[in-house]
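J.: Heads up: the sequence lines are chains P and W, in that order.
The letter at position 77 of the first sequence is residue 77 when you use my numbering, and the numbering goes up by one with no holes.
So the mapping is simple: my numbering equals the position in the second sequence, first residue as 1, plus 131.
Please note that a few of the clues may not be correct.
[As the list claims (entries may be wrong)] Computed list of lysine-lysine pairs in DSSO-like fashion (alpha-carbon distance at most 27 Å, straight line):
(1) W:Lys208 <-> P:Lys53
(2) P:Lys53 <-> W:Lys211
(3) P:Lys42 <-> W:Lys208
Just so you know, the hints here were simulated from the structure itself, not pulled from any lab data.
None of the values given here were measured: they were computed from a predicted structure.
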Amino acid sequence: MSILGKRVPLRAIAAMAVLMILAVLAPALSKTPTREITLVAKGMAFYLDSDLKTPNPTLDIKAGERVRITLRNQERGIIHDFAVPVLKKSVDQLGWNESDQVTFTAPKRPGTYQYECQPHRLMMRGTIRIY
Amino acid sequence: MWTMSRRGWLQATGLASLSGSLLGAKLSGQTAGQGRHQAHGSHVMGTVGTPSLDAFNPTTFLRNWNFSELEPDARAKFYKETPRPDGTMLREYEIYAVDRDIEIAPGLFFPAWTYNGQVPGPTIRATEGDRVKVTFRNSGSHPHSIHFHGWHMPAMDGALPGQEVFPGETFVYEFDADPFGLHLYHCHTVPLKRHIHKGLYGTFIIDPREGRAPADEMVMVMNAFDTNFDVENEVYAANTVANAYMHEPIRVTVGRLVRIYLVNLTEFDPINSMHTHGMFFDVIRTGTALTPSERTDTLMLCQGERAILETTFRYPGDFMFHAHQSEFAELGWMGLFRAEAAPAT
Numbered sequence: 001m002s003i004l005g006k007r008v009p010l011r012a013i014a015a016m017a018v019l020m021i022l023a024v025l026a027p028a029l030s031k032t033p034t035r036e037i038t039l040v041a042k043g044m045a046f047y048l049d050s051d052l053k054t055p056n057p058t059l060d061i062k063a064g065e066r067v068r069i070t071l072r073n074q075e076r077g078i079i080h081d082f083a084v085p086v087l088k089k090s091v092d093q094l095g096w097n098e099s100d101q102v103t104f105t106a107p108k109r110p111g112t113y114q115y116e117c118q119p120h121r122l123m124m125r126g127t128i129r130i131y
Numbered sequence: 132m133w134t135m136s137r138r139g140w141l142q143a144t145g146l147a148s149l150s151g152s153l154l155g156a157k158l159s160g161q162t163a164g165q166g167r168h169q170a171h172g173s174h175v176m177g178t179v180g181t182p183s184l185d186a187f188n189p190t191t192f193l194r195n196w197n198f199s200e201l202e203p204d205a206r207a208k209f210y211k212e213t214p215r216p217d218g219t220m221l222r223e224y225e226i227y228a229v230d231r232d233i234e235i236a237p238g239l240f241f242p243a244w245t246y247n248g249q250v251p252g253p254t255i256r257a258t259e260g261d262r263v264k265v266t267f268r269n270s271g272s273h274p275h276s277i278h279f280h281g282w283h284m285p286a287m288d289g290a291l292p293g294q295e296v297f298p299g300e301t302f303v304y305e306f307d308a309d310p311f312g313l314h315l316y317h318c319h320t321v322p323l324k325r326h327i328h329k330g331l332y333g334t335f336i337i338d339p340r341e342g343r344a345p346a347d348e349m350v351m352v353m354n355a356f357d358t359n360f361d362v363e364n365e366v367y368a369a370n371t372v373a374n375a376y377m378h379e380p381i382r383v384t385v386g387r388l389v390r391i392y393l394v395n396l397t398e399f400d401p402i403n404s405m406h407t408h409g410m411f412f413d414v415i416r417t418g419t420a421l422t423p424s425e426r427t428d429t430l431m432l433c434q435g436e437r438a439i440l441e442t443t444f445r446y447p448g449d450f451m452f453h454a455h456q457s458e459f460a461e462l463g464w465m466g467l468f469r470a471e472a473a474p475a476t
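Same shape as in the complex, but just chain P (with noise of 0.2 Å):
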């Protein structure tokens, strides 16, 4: 084969090409994946849907990790919402048997930081630990 009247050797070629697919895949692989929280409102509290008997859970996360986190209001005619006010960051205003989801990079520091409902953060609030 040959490039602008050069002769290169296919397996030089075929180098080049993995290294041009390693180089777009790279930042992909080198990422940590995304940590998904699923949470549920109801009885109004929070629970994780693993867990339906622990009310506004500790939430562990890593400094620095991406956070998917998804709300899903189980509380008929109640609106909620779930926020991290430090981070700006929330769902929308859920009405009954909807789901929205967030998703935010943790801070790098470690400490804990408050979620909560907005609506109703005298009893819906818990706290997210970074470690």
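Given chain P, work out where chain W should sit, using these hints.
T.: Frame of chain P, contents of chain W only:
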């Protein structure tokens, strides 16, 4: 401005819900009885179908107090009783205010302000001399309060200037249960009629120390809803859901004493009433006596007035009860007792 009569309005919504049911029946391939109702719809009393019961169940509400309808660990979040050295109880309650859309007739949602997500609020029941401590958290969108009827100091009144609890704030009401009787509690924040009418009220029973005769006891709150905010009610009920006890009659036993704690929390209409078919009942006004003062089959109560009704069913079968204001009855304040013979022993 175009206005609609109250009855016309309910008929319209009734028809809407009827056509909805017909559509549902068609879609699911059923040819059930709904169509027959339509043929003589003007004779049908009450609503077609029932609201969802998972947010509020009038039958469950009827015979539960102090959160007794909840499982023990769920109940512990809202109610705790601690015996005191003198034989009385400390009764502690968690009450919160929250905005909630409640279904008062099939498919008809009312944007309520509620205590603990329900209208009427949870029934609170203590014995004369107990200490009652209520932690009130306002998770609603407006300032609210709880004003209990009964003896208490002004600081616990919830009605005086500056006693409103703002959204996000908490207040603890504490007082002795006195006097024994049938009382009520409600929000006392201005505009008062709106705060009460939106759903912030409940029943507060104080039992006499010596108790009353054993009976099948139930709580009925006569209430009504102004769904279009014209300062008139469009839907009436006992315990919020129009005609709930027509669809699910209240089961009672022939020969067993029945005691009804009847509270009138209707706004806008100055009075409400309860009339029973095929029987008479004894009346203890405000519940502040141990013996009845009168016998009747129709009792009129002013706003905020209440009475204990006692009767014993003589015959098995269905017995209507409703407001004797026929208009209220036809707009939802009507139900049935279903009396059954006592099981053979």
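J.: Work down the list of hints and note, for each, if the structure agrees.
T.: Consistency of the hints with the structure:
{"no.": "1", "hint": "W:Lys208 <-> P:Lys53", "verdict": "holds (13 Å)"}
{"no.": "2", "hint": "P:Lys53 <-> W:Lys211", "verdict": "holds (20 Å)"}
{"no.": "3", "hint": "P:Lys42 <-> W:Lys208", "verdict": "holds (14 Å)"}
The structure is consistent with each of the numbered hints, conforming to all of them.
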